[in-house]
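Chemist: Residue-level listing of the chains:
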Amino acid sequence: MENSVKYKVLIIDDEQPIRRLLRMTLEANDYKVLEEGNAREGLLSVSMNKPDVVLLDLGLPDEDGLAVLQKLREWSNLPIIVLTVRDDESTKIAALDTGADDYVTKPFNTGELLARVRVAIRHSLRLDESPVFISGDLEIDLNTRIVKVNHNEVKLTATEFSLLTLFARNAGKVLTHSFISQKIWSNPYSSNAQILRVHIAQLRKKIEKNPSLPALLITEPGVGYRLKINPA
Amino acid sequence: MSRVHYMRKQNTALEFLAALATTIFVAAVCYPVQDSIGYQSVGLIFLMAISILSLFLGRAALIFAAILNFGVWNFFFIQPLYTFRVHSLHDLIALFTNLIVAIAASALINRIKKSQVTMLKSQEQLELVHRFLESLNDAISIKDVVKRVEEGIKNNFGADVVIYLKQKAGQGLDQRPFGNQDLHSVQLLHAARNAFINQRGNTAETLDHIMIYPLVEARIPIGVIGIKFEGNLLPKDEKMIFLQSFITLIASALDREMNIDQVKEKEITLQSEKLFQTVLNSVSHELKTPIAIISAAVANLNDVKTSSEPGLRKQIGEELEIASKRLNHLVENILDMSRIDSGLLRMNMQVCDMADLVGVVYNDLKIKDHELRIEMDENLPFIRADITLLKQAMINILHNAVSYTPEKSMILIEVRKISPDDIAIKIKDEGPGIPEQFLPRLFEKFYRVPGTRSGGTGLGLTISRAIAELHGGTVNVRNRPEGGLELIITLKINHGELS
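These protein sequences, in sequence, are chains P and W.
Under the numbering used here, the first residue of the first sequence carries the number 11, and numbering increases by one thereafter.
Under the numbering used here, the first residue of the second sequence carries the number -19, and numbering increases by one thereafter.
No lab work stands behind these hints: they were computed from the structure.
Computed from a predicted model, the values in this text were never measured in an experiment.
Idealized CB from N, CA, C, for every residue including glycine.
Some clues are possibly wrong.
[Said to hold, decoys possible] Cβ-Cβ distance ranges computed for the label pairs, FRET-style: (1) W/Met390 x P/Thr169: 33 to 43 Å; (2) P/Glu163 x W/Pro412: 49 to 59 Å; (3) P/Asn87 x W/Glu387: 29 to 39 Å; (4) P/Asn240 x W/Gly297: 28 to 38 Å; (5) P/Ile144 x W/Gly297: 28 to 38 Å; (6) P/Met34 x W/Asn456: 44 to 54 Å; (7) P/Asp72 x W/Asn308: 26 to 36 Å.
[Stated by the list, open to error] When the alpha-carbon atoms are kept at most 20 Å apart in a straight line, the in silico SDA-like pairs for lysine to any residue are as follows: (8) W/Lys305 x P/Asp98; (9) P/Lys219 x W/Asp357; (10) W/Lys348 x P/Ala225; (11) P/Lys215 x W/Ile274; (12) W/Lys406 x P/Leu223; (13) P/Lys238 x W/Asn343; (14) W/Lys346 x P/Arg30; (15) P/Lys116 x W/Ile274; (16) W/Lys346 x P/Val114.
Just chain P, same shape as in the assembly:
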């Protein structure tokens, strides 16, 4: 990372070993790390130190993580990444709906965690406002509305294009089913669930090398979809 300014990451987690490990990982990648062990001091630290990203554990001793999230969102737009234990979709969705930018499941892969942090900072600082989005073989020009895969133009329907644009604008972030439905059809309800899946399947056929094993448009089971920035 070519961080001329060191970005500040605040870790709010009651487990000290986790905080130590996160500090190690983040400092090795040129972040400045702040840490707090409970909700009260965490909230205080956010207002005092103005971090660039918050890593918030949902299982805090003094207050429910979702409540902390809600309090933060009342006055701050800073990116918040939630740390959850195990695959608990309803908690993830609740966190995302409350305003979390993303989540990482414990036990986490540090590479994945760093990627999430990078994406969150980039979105909050609007570092990628460029009209051209490139990820792997995929190239989207938001101005000319041209989508290329492996330098060959692909024809998309209007809905498919809206979907892809939505993903590109939020590249790297998980988007919940209801968020997508809200944005595309102005209707967050599940009546669109089936239609959404049909469109995603169609879109994958057009942009993925192997549509049955997608590398770009990733399913987050039970939660939503994510457009990968740099597919392996």
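Position chain W against the provided structure of chain P, taking the given hints into account.
Modeler: For chain W alone, coordinates are given in the frame of chain P:
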């Protein structure tokens, strides 16, 4: 009993009528001839009529007949006629003799009748006791016995019943009441405990009109029964004996069920202890292996000789990664199993694209050492499912396929619509398969095929099947004719309404 009683009541009116008719008849026949036979003979004829009547009538009707005869004889036949006055002592004695004979005869006859009725009753009672015994013999549990006891006592004695049984462990009486809970009270329990400890044979104590009897089988007290009669009327001696025979039967039936319970409990304890031992052995081994690897790897990292060499360090890192993944997989399996077992699993049913499911599984598993092929029917319908659970079900199966087949061999995932209602996910491998005799037990909790190498708790397939069943589906297994194992998850397309 009630039937006998009823019959007699109906007859009483008839009996009085018969007594009246007989008296009138005798009087009418004797009146014209009284001068020739003498009034004393008429008295004898009346006496004869009473004797004959005593064979047929009850006591009341007979006494009525005697008094009537006495009156009629006095009025129509004894001087002075047409008055109830008697002049001679002689006549007075005759009159009273007549009356006393009538009463004595009726008493005698009645005693005979009564013993007949008692016989009839005891026969009837015997039958009732027998029926009660049969009902108790059919009982299948303590609760069932109590239910039948309540019925039997209600029907035969019009009484309510509460039963306390002896503690399973320990000497005293358990405080849990069986039967009619309304009768239960702390005082009653206290009295029952006294009766239980003192065990006063057949004598009953009463409290609030509840009769308390110890239940004794083979001289060992097994509990106490409390009986509350309707209107708080204690039954008479004869009925009490009848009740005694019921209580004896109740005691032996309860004793029988308590013994069966005890045997069953012992069996269950034994089984669960065995299962616990198996689990402990397999889980502790599985938990300890990755921990051992992690601590060894860490020791290596702390040792300058090994950690300074980049090649070795990379190897150590890989070992650490594998060990922590294995540990995580294990813990998740145990958590999944307990969530499923506890019934607290909340399903997050959503529209699910099979292609999506397979893609997610593929991304999660990252199969490296095997060749993975995926074949899916075109235009598979969406199903309604919890994709995270289905993912777990598939991963567990694939995990086995990867673990127990040679490297570089192929694993094939096939998704097919096999009928208008069903989708099948088939996972086929090219490994050695599993001996047929072990297949039926493959999905049992903690079951591991004998002779397989370590690594696994025997929970994976149990979880997979439980998940499929939560979706109204099944998991089946077979050895492929061409070699290798095939696991088939069958899912209902229309399980739950599609939104």
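Chemist: Does each hint fit the structure? Answer for all of them.
Modeler: Status of the hints after comparison with the structure:
1. In this structure the supplied range 33 to 43 Å holds for methionine 390 of chain W paired with threonine 169 of chain P, their Cβ-Cβ distance being about 38 Å.
2. Here the CB-CB span from glutamate 163 of chain P to proline 412 of chain W is close to 50 Å, well matched to the stated 49 to 59 Å.
3. Distance hint check: the CB atoms of asparagine 87 of chain P and glutamate 387 of chain W are about 50 Å apart, inconsistent with the given range 29 to 39 Å.
4. Checked against the hint of 28 to 38 Å, the C-beta distance between asparagine 240 of chain P and glycine 297 of chain W comes to roughly 22 Å, which is inconsistent with it.
5. For isoleucine 144 of chain P paired with glycine 297 of chain W, a C-beta distance near 32 Å keeps the hint of 28 to 38 Å intact.
6. Between methionine 34 of chain P and asparagine 456 of chain W, the C-beta spacing of about 48 Å keeps the proposed range 44 to 54 Å intact.
7. Between aspartate 72 of chain P and asparagine 308 of chain W, the C-beta spacing of about 28 Å keeps the proposed range 26 to 36 Å intact.
8. Restraint check for lysine 305 of chain W and aspartate 98 of chain P: the C-alpha separation of about 19 Å stays at or below 20 Å, so the hint holds.
9. Restraint check for lysine 219 of chain P and aspartate 357 of chain W: satisfied, since their Cα atoms lie roughly 18 Å apart, inside the 20 Å limit.
10. Of the pairs offered as hints, the one joining lysine 348 of chain W and alanine 225 of chain P holds, with about 16 Å between alpha carbons and a cut-off of 20 Å not exceeded.
11. Proposed proximity of lysine 215 of chain P and isoleucine 274 of chain W is contradicted: the alpha carbons are some 43 Å apart, above 20 Å.
12. The straight-line distance between the Cα atoms of lysine 406 of chain W and leucine 223 of chain P is roughly 17 Å, inside the 20 Å bound, and the hint therefore holds.
13. Pair hint lysine 238 of chain P plus asparagine 343 of chain W holds up; C-alpha atoms about 13 Å apart against a cutoff of 20 Å.
14. A C-alpha spacing of about 29 Å is found between lysine 346 of chain W and arginine 30 of chain P, which places the hinted pair above 20 Å, so the restraint is violated.
15. Annotation: proposed proximity of lysine 116 of chain P to isoleucine 274 of chain W holds, straight-line Cα distance about 18 Å (limit 20 Å).
16. For the proposed pair lysine 346 of chain W and valine 114 of chain P, the alpha carbon gap of about 19 Å is at most 20 Å, so the pair holds.
Consistency note: the structure conflicts with the earlier hints numbered 3, 4, 11 and 14.
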